[in-house]
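Enquirer: Per numbering that gives the first Met the number 0: the sequence shown = residues 0 to 402.
Each hint should be verified, as a subset may be incorrect.
Claimed, not checked - Listed below are the simulated DSS-like cross-link pairs for lysine-lysine, each with C-alpha atoms no more than 30 Å apart in a straight line: (1) LYS296 x LYS306; (2) LYS189 x LYS142; (3) LYS6 x LYS189; (4) LYS340 x LYS390; (5) LYS6 x LYS243; (6) LYS185 x LYS6; (7) LYS390 x LYS189; (8) LYS185 x LYS383; (9) LYS390 x LYS243; (10) LYS243 x LYS191; (11) LYS191 x LYS367; (12) LYS192 x LYS383; (13) LYS383 x LYS342; (14) LYS390 x LYS192; (15) LYS318 x LYS191; (16) LYS117 x LYS57; (17) LYS6 x LYS395; (18) LYS367 x LYS308; (19) LYS395 x LYS367; (20) LYS383 x LYS357; (21) LYS395 x LYS383; (22) LYS30 x LYS185; (23) LYS243 x LYS266.
Since the hints were derived computationally from the structure, they do not count as laboratory data.
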Amino acid sequence: MSILSGKNVLLGISGGIAAYKTASLVRLFIKSGANIQVVMTPASKEFITPLTLSTLSKNPVHSSFTNEEDDNAVWNNHVDLGLWADIFIIAPATANTMSKMVNGVCDNLLLATYLSAKCPVYFAPAMDLDMYKHPSTLASFEKLQRFGNTMIPATSGELASGLVGEGRMAEPEDIVAFIENDILDKLPLKNKKVLITAGPTYEAIDPVRFIGNHSSGKMGFEIAKAAANLGAEVILVTGPTYQKVSHSLIHVEAVTSAEDMYNEVHKHFKSVDVAILSAAVADYKPKELALQKIKKKDSALTLELEKTKDILASLGDIKSNQYLVGFALETNNELENAKGKLKRKNLNLIVLNSLQDKGAGFKGDTNKVTFIDDAENITEFQLKSKAEVAKDLLHKITEQIHA
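Make a model of the complete structure from these sequences and hints.
Expert: Here you go:
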């Protein structure tokens, strides 16, 4: 999954021959998992049709302040478009459009949207060689970047005029890669490595049966996605679960038992910056594993259990500079039990959730948590989706490790 997945991307197209490349650009944004809308200058429609871009983007294309074919004259709100976007990319950015951007000229919908945008703005110049080198164009490049916009430089090659030189708009693949890399470079967990555990563990009784719990792994998987979306390289060690994730920064290691998880976690712990142990690891396992399926003979079956290794405590014993986070699922004396676990296991932060809270705990899509850090600062949250809880947790961790 690309870092652009789920992002709202607004593509502005101005009137240059390079506009023909925007069909491929839209397809690449869609392939990356982004939501995309297109706003065009009137001149750009001479080079590529709104119908093509609407079909590819799966959204209406905007090119004027009202829908010209609509007798009711519905207003295309440039403010709403600017606020909707997480990323605004103007490609191609012609000399004419860039000059207007620099001087605040607002004579079409694209320019009005640009002046309203609150998100990062990228521009990909495209024009002939002499225009690209002209002092007024170079001044536009400099001023636009001084305004906080990011330039995706043109490349050298054969131009529409037949000249060969600088001014060719970057290829769609390179534009998408440039934006992805630029976003990653600015993310707070860039170059950080995060270890996350998720799901239950299954402790075998015989070749058929096991001891397990109701953990779905949803919380851990959401934490992994949130960490990766902040630029971290993520190692996700997961017990048996139906959860799936596809992200270029997430490496999944599937395990079954508490012993498996212990070994896998210890293999990676020394190399990580942050470890978040959200898995529901079995506290006990059968002392003896039956090599054959146990037959149903008696009215009762007695199993002798023994403790599993305490993964979280073992990491607390050996941690050096790692930021270590644990989870506590409690049913009574929640705060006291969580604070005790925080200290006993040498954690930096513990996430408390209670089975007494409706909508919290296993299987569901929501959770209600309380953060307690090693200074005993307590932050309580209302019921939220597990995706939002994961974002809150990563925000807290990011604040702590950059403090």
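Enquirer: Now, for every hint given, state plainly whether the structure supports it.
Expert: Hint-by-hint comparison with the structure:
no. : hint            : verdict
1   : LYS296 x LYS306 : holds (27 Å)
2   : LYS189 x LYS142 : holds (28 Å)
3   : LYS6 x LYS189   : holds (18 Å)
4   : LYS340 x LYS390 : holds (23 Å)
5   : LYS6 x LYS243   : holds (20 Å)
6   : LYS185 x LYS6   : holds (16 Å)
7   : LYS390 x LYS189 : holds (16 Å)
8   : LYS185 x LYS383 : holds (27 Å)
9   : LYS390 x LYS243 : holds (18 Å)
10  : LYS243 x LYS191 : holds (23 Å)
11  : LYS191 x LYS367 : holds (27 Å)
12  : LYS192 x LYS383 : holds (26 Å)
13  : LYS383 x LYS342 : holds (27 Å)
14  : LYS390 x LYS192 : holds (17 Å)
15  : LYS318 x LYS191 : holds (16 Å)
16  : LYS117 x LYS57  : holds (24 Å)
17  : LYS6 x LYS395   : holds (22 Å)
18  : LYS367 x LYS308 : holds (28 Å)
19  : LYS395 x LYS367 : holds (16 Å)
20  : LYS383 x LYS357 : holds (11 Å)
21  : LYS395 x LYS383 : holds (16 Å)
22  : LYS30 x LYS185  : holds (23 Å)
23  : LYS243 x LYS266 : holds (23 Å)
Every hint from the earlier list agrees with this structure, and none is contradicted.
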